[in-house]
Amino acid sequence: DVKVTQSSRYLVKRTGEKVFLECVQDMDHENMFWYRQDPGLGLRLIYFSYDVKMKEKGDIPEGYSVSREKKERFSLILESASTNQTSMYLCASLKRGGAKETQYFGPGTRLLVL
Amino acid sequence: AQKVTQAQTEISVVEKEDVTLDCVYETRDTTYYLFWYKQPPSGELVFLIRRNSFDEQNEISGRYSWNFQKSTSSFNFTITASQVVDSAVYFCALSEVGTNAGKSTFGDGTTLTVKP
Numbered sequence: 001d002v003k004v005t006q007s008s009r010y011l012v013k014r015t016g017e018k019v020f021l022e023c024v025q026d027m028d029h030e031n032m033f034w035y036r037q038d039p040g041l042g043l044r045l046i047y048f049s050y051d052v053k054m055k056e057k058g059d060i061p062e063g064y065s066v067s068r069e070k071k072e073r074f075s076l077i078l079e080s081a082s083t084n085q086t087s088m089y090l091c092a093s094l095k096r097g098g099a100k101e102t103q104y105f106g107p108g109t110r111l112l113v114l
Numbered sequence: 001a002q003k004v005t006q007a008q009t010e011i012s013v014v015e016k017e018d019v020t021l022d023c024v025y026e027t028r029d030t031t032y033y034l035f036w037y038k039q040p041p042s043g044e045l046v047f048l049i050r051r052n053s054f055d056e057q058n059e060i061s062g063r064y065s066w067n068f069q070k071s072t073s074s075f076n077f078t079i080t081a082s083q084v085v086d087s088a089v090y091f092c093a094l095s096e097v098g099t100n101a102g103k104s105t106f107g108d109g110t111t112l113t114v115k116p
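Taken in order, these protein sequences are the chains called A and B.
All letters in the first sequence, in the order written, are residues 1 to 114 by the working numbering.
All letters in the second sequence, in the order written, are residues 1 to 116 by the working numbering.
Read the hints as simulated data drawn from the structure, not as lab findings.
Because the structure is a prediction, the values reported are computed rather than measured.
For glycine and all other residues, C-beta sits at the position ideal for the given N, C-alpha and C.
Where hints are given, some of them may not hold.
[As the list claims (entries may be wrong)] Computed beta-carbon distance windows for the label pairs: (1) B:Ala1 to A:Lys13: 27 to 35 Å; (2) B:Glu15 to A:Glu56: 43 to 51 Å; (3) B:Glu56 to A:Tyr10: 37 to 45 Å; (4) B:Lys70 to A:Leu114: 45 to 53 Å; (5) B:Thr99 to A:Ile77: 45 to 53 Å; (6) A:Met88 to B:Thr113: 15 to 23 Å; (7) B:Glu15 to A:Leu41: 25 to 33 Å; (8) A:Val52 to B:Thr30: 25 to 33 Å; (9) B:Ser12 to A:Leu41: 16 to 24 Å; (10) A:Glu79 to B:Glu56: 43 to 51 Å.
Let's have the full structure, built from the sequences with the hints guiding it.
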C-alpha cells in the first residue's frame with residue numbers, strides 16, 4: 001500500500017514564525033505536491049516537484065517555499081506565517097507512467113496561525 | 001488556464017435515491033486526466049476514478065457510475081441507491097500528464113448529504 005505521511009495532523013503557530021510542514025512517501029514516487037484546502041474553495045496547488053531539487057510554482061505560491069533534497073521527502077515552508085495561511089494543507093505523491101498514475105494523498109495538516 | 005466547475009455546492013437526498021454530481025471542465029490540452037475524489041468527514045481524500053482524455057467509455061463500479069462526454073467537457077458522477085455512508089464532499093479534478101502528471105486543478109467540491 002502506498003503511504004503518504006505528514007509530520008503533524010494539527011499545528012498552532014504564531015504570526016511571524018517560520019513553519020515547516022513535512023511530507024514523506026515510501027513508494028519511490030517522482031512527483032510530489034502541496035495543496036491547501038479552504039472551505040468552498042476546493043484544493044489549490046501551492047507547489048509541486050517532479051524530481052529531486054526540482055520545483056515548480058502552482059496557482060498560489062506566494063508566501064510559501066518548498067524543498068526537495070531527497071526523493072521521498074517534500075517540505076513546505078512558511079517563511080513568516082500569517083493568519084491568512086490558516087488552512088488545511090494536503091501533500092500528495094504520484095509515480096509517473098503506467099496504469100497506476102494516480103495521486104495519493106496524505107492525511108492533511110490543519111494549521112492555525114494566531 | 002485550466003478550470004473545473006462543480007455547480008452544485010450542496011445536494012441533499014434521502015437514502016435509496018439516485019443522485020448525479022456534475023463536473024464541467026476547461027482545458028487547452030489535448031491529453032489530460034479527469035478524477036473524482038471523495039472526502040468523508042475524517043478529512044482524508046479517497047481516490048474514486050481516473051479517466052484518460054482519449055477514453056470516453058463510461059464506467060460503472062458497483063453503485064457508482066461515471067459519464068465522460070468530451071463534446072460537452074463534462075465528467076458527471078452518479079450514485080445509484082444512495083446510502084448514508086455516501087455522505088461526503090466530492091471533488092472533480094483535471095490533471096496534466098507527462099512530467100507534470102498529477103498537477104491538478106480541482107473543483108470547489110459538492111457536499112452530498114444522504115438522509116436516512
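A quick look at each hint next to the structure:
For Ala1 of chain B paired with Lys13 of chain A, a C-beta distance near 32 Å keeps the hint of 27 to 35 Å intact. Under the hint 43 to 51 Å, the C-beta atoms of Glu15 of chain B and Glu56 of chain A, about 44 Å apart, fit the expected range. One distance hint, 37 to 45 Å for the beta-carbon pair Glu56 of chain B and Tyr10 of chain A, holds here, with the actual separation near 43 Å. Taking 45 to 53 Å as the suggested C-beta distance range, the pair Lys70 of chain B and Leu114 of chain A conforms, at roughly 48 Å.
About 24 Å separates the C-beta atoms of Thr99 of chain B and Ile77 of chain A, a value inconsistent with the hinted range of 45 to 53 Å. For Met88 of chain A and Thr113 of chain B, the Cβ-Cβ distance of about 20 Å falls inside the hinted range of 15 to 23 Å, so the restraint holds. Take Glu15 of chain B and Leu41 of chain A: their Cβ atoms lie about 30 Å apart, and the range 25 to 33 Å holds. At about 30 Å, the beta-carbon gap between Val52 of chain A and Thr30 of chain B stays in the expected band of 25 to 33 Å.
Checked against the hint of 16 to 24 Å, the pair Ser12 of chain B and Leu41 of chain A passes, with Cβ atoms roughly 21 Å apart. Remark: the range hint 43 to 51 Å for Glu79 of chain A to Glu56 of chain B is upheld by a beta-carbon distance near 45 Å.
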